[in-house]
Amino acid sequence: MAPPQVNRLRDKGLVDRKKVLGFNFDGTRLTGHPGDTLASALLANGVRLVARSFKYHRPRGILTAGSEEPNALVELRTNARREPNTRATTVELYDGLNAASQNRWPSLKYDLLSVNQLASPIFGAGFYYKTFMWPASFWEKVYEPMIRRAAGLGRAASAADPDHCEKSNAFCDVLVIGGGAAGLSAALSAAKAGARVILCDEDFRLGGRLLSERDQIDGRPAHEWVAAAEAELESLPDCRILRRTSVFGVYDGGTYAALERVNDHLPVPPAHEPRQRLWRIVAKRAVLCAGAFERPILFGDNDRPGVMLAGAVRTYVNRFGAAPGRHAVVFGDNDDAFRTAADLADAGIAVNALVDARREPSEAVQAIAEAARAPYFAAASIGSVRGAHGIKSVLVKDAKGATEQFDCDVLAMSGGWNPALNLTTHLNGKPVWDHTLSCLMPGDLPPGMRVAGAASGKGSLAACLASGEAAGADAARDCGFSPSALRRPAPREEAVPATPTWQVEKSRGKVFVDFQNDVAASDVKLATREGFRVPEHVKRYTTLGMATDQGKTSNLNAAALIAAQTGRYVGAVGTTTFRPPYTPVSIAALAGHHRGADFRPTRLPPSHAFAEEQGAVFVEVGAWMRALIFPRPGERPQETVNREVENTRTNVGVCDVSTLGKIDVQGADAGTFLDRVYINGFAKLAVGKARYGLMLREDGFAMDDGTTARLADDHYYMTTTTANALKVSQHLEYCQQVLWPELDVQTVSVTEQWAQYAVAGPKSRKVVEALLDPGQDISNEVFPYMACGEFTFCGGVKGRLFRLSFSGELAFEVAVPARYGDAMIRAIIEAGAPHGIAPYGTEPLGVMRIEKGHAAGPELNGQTTAHDLGLGRMASTKKDFIGRFMGEREALTEAERASLVGLKPLDRAARIPAGAHLVPREADVVAANDQGYVTSMAYSPELGTWIALAMLSNGPARHGEVVKVCDPLRNTEMLAEVCGPCFVDPEGGRLRV
Amino acid sequence: MRIKCPYCGERALEEFSYRGDATVKRPESLEPSAREAWVDYVYFRDNPAGLHKEHWHHSAGCHAWLEVTRDTRTHEIIDVAFAEKGR
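Protein chains in written order, with our numbering: chain L, 19 to 1011; chain F, 2 to 88.
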């Protein structure tokens, strides 16, 4: 049985009292109502102590009623759904909610690490830099883990997130950020003008501060006006209201990022619904109506539970019907602060004193004090606060310095309001100091943004409504609409000059500036004494403003302290720049569906289903999922590789090579075009022939290689490596559109359009013949090595045949439209069965290419030239091509460069490690003797030994020499003989049968 | 950032790939005397604070290479045209 809600006010608030919601805080069962936040429900239950602070483990309560909350951070939910550092002030209460305080042990009330408070002198500004300096090796192993454990926030869930988030895009004419008085007015005037409007509000209920005050609009309670405005907006066809949605970033081109907490107010999101949704909103215009943040006042022990911002006290009383306490003292330096006293008295809460920091007493406040029958002190301050886990009384110091103690369990404080201008600085806009209002105002705005309401420094409700309406109308007008005349002309009122108190001189106890990061006034003063005079520097030295709240309640107070210390006025000190995100955003929301296997799309080659049926082991190659090997029962991986290689070299194998980039090049100048992108010539290639080509980057280094076949006079078909397919395609488009637009040529990627299989091995011709429709001759005489042509297969399927070989064996590549890919692999296997065909994967493919000494990814590594790859003589001297001029530089062609060689270990059983370096046989293993490196290695079934390809200085001239292969990382060293890179059939006889 | 492709209309940044300075011109000469021009073309780029003509590829769209005039200080896009002259 949960205890009654002792501090729930009768007849107050907008919560639904008919329904009761049960929730747990630190294992205690409590109740609240729909419409509560966790914070308001805790207060309604008389819970004031909710957290321990970051560094000193100070007892903390609830300071604010919004997303700027620095204190009341809790762990929400349990197990895999546990979310640390959620602000109790923004967590919407639901039935079964579980929350726990964090950063305390063994319990919130008896936290052992609160002894840190006793050591607070050593935890001052820059204490990391000063204290944990010696010995240096201790930092990583001892100090940092210790500090992290002691100065922690909540614990992240360790299990995978069972929920998902999603991303969405939206476009509108006018984006209104904030749904308070100004925001609703702006949305109404823009939407009624016909503009497409999106209104985002971070709260679950529209209205902003209208829900917190006892204001009237047009003669009725403000919350009724809110409901009417909401209904009207809902009725307009092009207006969308996004509740529970924080706009957290402003980006170029009118792009805004917003986080919608779609289902955070439910224990578990309904099936198929996301927990959160990340919005990208593109808006022609935006109206920022984010309101304002109230400033705390700096005095001793201003962080004690029960010390709250005055506006927040009004929110809890008026909106939630939750009394933050039963005996209150109000301390402020502006008239607005003392509205709190009136509201408290109205709610039947005793107001024990009104403490006004201003020198001159205020008549308005005097009247409130009289009505509340409470003493009013002008030019007064709070001398000290009693009560650690929750305030019990305060010592009020009057104008003459006399002190009087007042019992209270809540102290409402207000140092004035700061416009919530955070989003105006995301594109580097600098806030400007306003001398009258004594606060920072939005300066240069992001293009297309207007600011209205309290965010633009408006103090009165009338001014907020009017400025919102005007800004919404102007935004709509900018988008080409004609708004009707304004209903609410801006009120004629003088801005009330503010004279902020900032800090109380000579008060007892630690004075907190940044509550979340536990930065005290003494830290800021120390930093300025040590020479840090700019907020940016003080921030980095003291960590002020670096917590997840980005100093929303602390930055300006810190600036005031720096100003006082350095003898300047606050506006001259400057400020730090707010960056996205405005409020914390989980990585899950940013990732959306892109997690786990869905991190990025997976591309499946046409034979994938077949390969799966065969039990293939797959490997990711770029985005492709390729078959690595096709193991048979009982085989070890190396045995599978050897078998697939041997079967291909003695019988016939088939491999899916569809993942290679395929680019169609067509046009009268296609040959000329290819001559300019490849180092070798293609214009004179005969129709029906293919040729190996190498392309360079403009700086002379190799970019990619592949074969290109000429299918007709004006039609070539290029292949690229799998990895570079996109890059090459983009490169060709650049060449064609930018470098040589005068050429009659077009290129298009056809990688997805063709399924292509390499059928390789001495018996491959028999297999391909069985696939071909009758009457097509592919004998060596008619269709020799490097021939290509169009053929029909399997009863009329039009395809292409290429006599290309990567394996070094007699081989054909069969290409059919991709939709026949699955049927074709099965047809090949069937046709090949009498000849012992077996599929082979990329690993055996790699072994065979190493045996043949073909360069691939490890050799085309961006540091090798045509010369290095042994292909220098292929380069034409008769034409310009990409990379020619720079590739001919002396340093790129000199013999001493590391060039492609083969390596055979002297110990035939030894395995050459990939990445090992090469030094002369007798030389020491030091960097100065480094002459090259191993790029690829494999076990060659044909040779019965491990072999490798390597880049070796002056390599081609050193065949037969023995070098030392050393791998200091794996601590191995061996001797190997340098040889030509081609280990199998160097004359190429097998290709031409 | 958003780029208005002359063919596809205004699209989000991640549909495009950046290449760089659009004002560099590939030298035509292969004579040794052209060396400086080549080195300039391949390696040296101005880094102006202000207007910059640059090549972008609409790689997740129509595959057109675009010449975009951008203010490097504000990311404001002043002009977008096909890089292929006369298109």
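Bear in mind the hints are in silico, worked out from the structure with no lab data behind them. There's no promise every hint is true.
[Said to hold, decoys possible] DSSO-like mimics (lysine-lysine), calculated; alpha carbons at most 27 angstroms apart, straight line:
1) L:702 <-> L:543
2) L:127 <-> F:26
3) L:702 <-> L:784
4) L:418 <-> L:302
5) L:897 <-> F:5
6) L:745 <-> L:702
7) L:36 <-> L:210
8) F:86 <-> F:54
9) L:982 <-> F:26
10) L:185 <-> F:26
11) L:870 <-> F:5
12) L:896 <-> F:26
13) L:745 <-> L:528
14) F:86 <-> L:302
15) F:5 <-> L:302
16) F:26 <-> F:5
17) L:922 <-> L:896
18) L:210 <-> L:127
19) L:528 <-> L:448
20) L:410 <-> L:302
21) L:185 <-> L:302
22) L:302 <-> F:26
23) F:26 <-> L:897
24) L:448 <-> L:702
25) L:897 <-> L:707
26) L:543 <-> L:528
[Said to hold, decoys possible] Covered by chain L, according to a simulated footprint, are these stretches of chain F (three or more residues, beta-carbon under 8 angstroms):
27) 58-72
28) 77-84
A quick note: this is a predicted structure, and the numbers were derived from the prediction, not measured. We treat Cβ as the ideally placed atom computed from N, Cα and C, and that holds for glycine.
Here is what the structure says about each hint:
1. L:702 <-> L:543: 80 angstroms, violated
2. L:127 <-> F:26: 72 angstroms, violated
3. L:702 <-> L:784: Violated, because 32 angstroms separates the two Cα atoms, which is more than 27 angstroms.
4. L:418 <-> L:302: 57 angstroms, violated
5. L:897 <-> F:5: Violated: residue 897 (chain L) and residue 5 (chain F) sit about 38 angstroms apart, past 27 angstroms.
6. L:745 <-> L:702: 26 angstroms, holds
7. L:36 <-> L:210: The given pair, whose Cα atoms are some 36 angstroms apart, is violated under the 27 angstroms limit.
8. F:86 <-> F:54: 14 angstroms, holds
9. L:982 <-> F:26: Distance of about 47 angstroms is beyond 27 angstroms: violated.
10. L:185 <-> F:26: 41 angstroms, violated
11. L:870 <-> F:5: The given pair, whose Cα atoms are some 49 angstroms apart, is violated under the 27 angstroms limit.
12. L:896 <-> F:26: Holds: residue 896 (chain L) and residue 26 (chain F) sit about 22 angstroms apart, inside 27 angstroms.
13. L:745 <-> L:528: With a Cα-Cα distance of about 61 angstroms, the restraint between residue 745 (chain L) and residue 528 (chain L) is violated, given a limit of 27 angstroms.
14. F:86 <-> L:302: 31 angstroms, violated
15. F:5 <-> L:302: 14 angstroms, holds
16. F:26 <-> F:5: 24 angstroms, holds
17. L:922 <-> L:896: 38 angstroms, violated
18. L:210 <-> L:127: 54 angstroms, violated
19. L:528 <-> L:448: With a Cα-Cα distance of about 32 angstroms, the restraint between residue 528 (chain L) and residue 448 (chain L) is violated, given a limit of 27 angstroms.
20. L:410 <-> L:302: Violated: residue 410 (chain L) and residue 302 (chain L) sit about 53 angstroms apart, past 27 angstroms.
21. L:185 <-> L:302: 21 angstroms, holds
22. L:302 <-> F:26: Violated: residue 302 (chain L) and residue 26 (chain F) sit about 37 angstroms apart, past 27 angstroms.
23. F:26 <-> L:897: 19 angstroms, holds
24. L:448 <-> L:702: With Cα atoms ~64 angstroms apart, residue 448 (chain L) and residue 702 (chain L) exceed 27 angstroms; violated.
25. L:897 <-> L:707: 21 angstroms, holds
26. L:543 <-> L:528: Distance of about 13 angstroms is within 27 angstroms: holds.
27. 58-72: It holds: at least three residues are needed, and the region 58-72 of chain F offers 5 whose Cβ sits within less than 8 angstroms of chain L.
28. 77-84: Contact hint for the region 77-84 of chain F vs chain L: holds, 4 residues under 8 angstroms.
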